[in-house]
Amino acid sequence: GAGVSQTPSNKVTEKGKYVELRCDPISGHTALYWYRQSLGQGPEFLIYFQGTGAADDSGLPNDRFFAVRPEGSVSTLKIQRTERGDSAVYLCASSLHLGYTFGSGTRLTVV
Amino acid sequence: AQSVTQPDIHITVSEGASLELRCNYSYGATPYLFWYVQSPGQGLQLLLKYFSGDTLVQGIKGFEAEFKRSQSSFNLRKPSVHWSDAAEYFCAVGPYFGNEKLTFGTGTRLTIIP
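Read top to bottom, the protein sequences are chains A and B.
Going by the working numbering, the first sequence opens with residue 1, and the numbers climb by one from there.
Going by the working numbering, the second sequence opens with residue 1, and the numbers climb by one from there.
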């Protein structure tokens with residue numbers, strides 16, 4: 001596609017529920033990143049994929065967070081047993097060489 | 001560990017006035033520096049980036065930034081702001097070889113008054 005697409009744009013879920021956030025990168029971009037942006041903060045790195053594999057997952061806060069990219073294109077960020085502190089905007093970006101394109105994000109609200 | 005400091009949380013300027021947003025970074029090697037802009041409810045849009053070469057970098061929307069290695073700074077400037085420049089601005093640093101994670105500052109919110 002022309003840009004990085006993230007769905008849904010907004011997600012409200014109850015505490016304890018499971019959620020999946022989807023990222024569709026720019027076609028042909030081999031690198032894909034997930035960031036989390038809390039209110040009043042800059043984006044914080046979560047995980048980076050090069051192709052299908054997670055090259056760096058050092059930013060995932062705990063084992064409730066997991067991300068996959070099975071075919072080297074679309075990626076899904078999965079959050080188990082959501083907590084109110086998980087409320088944030090989750091941003092996805094993709095890159096081919098030296099340049100990142102960000103999606104508009106998914107605003108996750110845990111109530 | 002790499003870090004980015006944006007000392008100004010909120011700046012207000014009059015339309016038509018000049019603007020400078022400050023960014024200081026800490027990085028153990030040659031940095032790759034970025035400025036992004038984020039409008040409410042939107043993703044991050046790249047304004048400009050510094051990789052190497054000329055330390056004065058031109059970007060989109062009339063913005064420029066100057067890399068000063070001795071001061072570990074990468075300040076963003078615009079000679080005359082427009083009401084549409086009101087947004088959140090983020091400075092970020094990444095590794096020289098690219099395609100790895102970026103570290104962002106906490107952002108500066110810019111308000112424009114008539």
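Please note that the accuracy of each hint is not assured.
[Said to hold, decoys possible] For each label pair, taking beta carbons as the anchor points, the in silico distance ranges come out as:
#  : chain 1 : residue 1 : chain 2 : residue 2 : range
1  : A       : Y18       : B       : G62       : 41 to 47 Å
2  : B       : H82       : A       : E83       : 24 to 30 Å
3  : A       : G16       : B       : R109      : 32 to 38 Å
4  : A       : S58       : B       : S70       : 27 to 33 Å
5  : B       : E64       : A       : H97       : 33 to 39 Å
6  : A       : H97       : B       : S39       : 41 to 47 Å
7  : A       : A55       : B       : S3        : 17 to 23 Å
8  : A       : T7        : B       : Q2        : 30 to 36 Å
9  : B       : S84       : A       : K78       : 21 to 27 Å
10 : B       : S14       : A       : G16       : 46 to 52 Å
11 : B       : S84       : A       : D56       : 31 to 37 Å
[To be verified] Below, a list of computed lysine-lysine pairs in the DSSO-like style, where the Cα atoms sit at most 30 Å apart:
#  : chain 1 : residue 1 : chain 2 : residue 2
12 : A       : K78       : B       : K101
13 : B       : K49       : B       : K68
14 : A       : K11       : A       : K78
15 : A       : K17       : B       : K68
16 : B       : K101      : A       : K11
17 : A       : K78       : A       : K15
18 : B       : K101      : B       : K61
19 : B       : K49       : B       : K61
20 : B       : K49       : B       : K101
[Said to hold, decoys possible] Here are some chain A residues the structure puts well away from chain B; computed CB gaps all over 10 Å:
#  : residue
21 : P8
22 : K11
23 : V12
24 : G28
25 : Y35
26 : Q41
27 : E44
28 : T52
29 : D56
30 : R64
31 : R69
32 : V74
33 : S87
No wet-lab data here; the hints were simulated from the structure.
Each residue gets a CB set at the ideal place from its N, CA and C atoms; glycine is no exception.
Okay, the hints, checked on the actual structure:
Hint check: Y18 (chain A) to G62 (chain B), Cβ distance near 46 Å, so the stated range 41 to 47 Å holds. Separated by about 41 Å at the C-beta atoms, H82 (chain B) and E83 (chain A) break the suggested range of 24 to 30 Å. Checked against the hint of 32 to 38 Å, the pair G16 (chain A) and R109 (chain B) passes, with Cβ atoms roughly 34 Å apart. Against the hinted window of 27 to 33 Å, the Cβ-Cβ separation of S58 (chain A) and S70 (chain B) comes to about 31 Å, which satisfies the hint.
A C-beta distance of roughly 23 Å is found between E64 (chain B) and H97 (chain A), which places it outside the suggested range of 33 to 39 Å. Evaluation of the 41 to 47 Å hint for H97 (chain A) and S39 (chain B) yields a failure: the beta carbon distance comes to about 26 Å. Taken as a hint, the range 17 to 23 Å holds for the pair A55 (chain A) and S3 (chain B), whose Cβ atoms sit roughly 22 Å apart. Between T7 (chain A) and Q2 (chain B) the CB atoms are about 31 Å apart, so this pair conforms to the stated range of 30 to 36 Å.
The supplied range of 21 to 27 Å is broken by S84 (chain B) and K78 (chain A), whose beta-carbon atoms lie about 37 Å from each other. Roughly 49 Å separates the CB atoms of S14 (chain B) and G16 (chain A), a value that falls within the hinted 46 to 52 Å. The hint said 31 to 37 Å for the Cβ distance between S84 (chain B) and D56 (chain A), and at roughly 36 Å that hint holds. Distance check on the hinted pair: K78 (chain A) and K101 (chain B) sit about 20 Å apart at the alpha-carbon level, within 30 Å; holds.
At roughly 14 Å between alpha-carbon atoms, K49 (chain B) and K68 (chain B) fall within 30 Å of each other, so this suggested pair holds. Between K11 (chain A) and K78 (chain A) the alpha-carbon distance is near 13 Å, which keeps this suggested pair within the 30 Å criterion. Annotation: proposed proximity of K17 (chain A) to K68 (chain B) is violated, straight-line Cα distance about 48 Å (limit 30 Å). The suggested pairing of K101 (chain B) with K11 (chain A) holds, with an alpha-carbon distance near 25 Å, which does not exceed 30 Å.
Of the supplied pair hints, the one linking K78 (chain A) and K15 (chain A) holds, its CA atoms being roughly 14 Å apart against a limit of 30 Å. With a C-alpha separation of about 26 Å, the suggested pairing of K101 (chain B) with K61 (chain B) holds against the 30 Å cut-off. The hinted pair formed by K49 (chain B) and K61 (chain B) meets the criterion: a straight-line CA distance of about 14 Å does not exceed 30 Å. Among the hinted pairs, K49 (chain B) with K101 (chain B) is consistent with the structure: their alpha-carbon atoms are about 15 Å apart, no more than 30 Å.
Residue-level check passed: P8 (chain A) sits 14 Å from the nearest beta carbon of chain B, beyond 10 Å. For K11 (chain A), the shortest C-beta to C-beta distance to chain B comes to about 14 Å, beyond the 10 Å cut-off, and the non-interface label holds. Against chain B, the non-interface label of V12 (chain A) holds: every CB pair exceeds 10 Å, the least being about 16 Å. The Cβ of G28 (chain A) sits about 14 Å from the closest Cβ of chain B, beyond the 10 Å cut-off, so the non-interface label holds.
With a cut of 10 Å on Cβ distances, Y35 (chain A) falls inside the contact zone with chain B, its closest approach being about 8 Å. The claim that Q41 (chain A) is not at the interface with chain B is violated, since a C-beta of that chain comes within 10 Å of its own (minimum 6 Å). Not every beta carbon of chain B lies more than 10 Å from that of E44 (chain A), the smallest distance being close to 7 Å; the non-interface claim is violated. For T52 (chain A), the shortest C-beta to C-beta distance to chain B comes to about 15 Å, beyond the 10 Å cut-off, and the non-interface label holds.
Residue placement check: D56 (chain A) does not keep its beta carbon more than 10 Å from all beta carbons of chain B (closest about 6 Å). Every CB of chain B lies more than 10 Å from the CB of R64 (chain A), the least distance being 20 Å, so the non-interface label holds. Consistency note on R69 (chain A): stated as away from chain B, and its beta-carbon is indeed over 10 Å from all of that chain's, at 15 Å minimum. Non-interface status of V74 (chain A) relative to chain B is upheld: no Cβ of that chain comes within 10 Å, the nearest being about 17 Å off.
At roughly 16 Å from the closest C-beta of chain B, the C-beta of S87 (chain A) stays outside 10 Å, upholding its exclusion from the interface.
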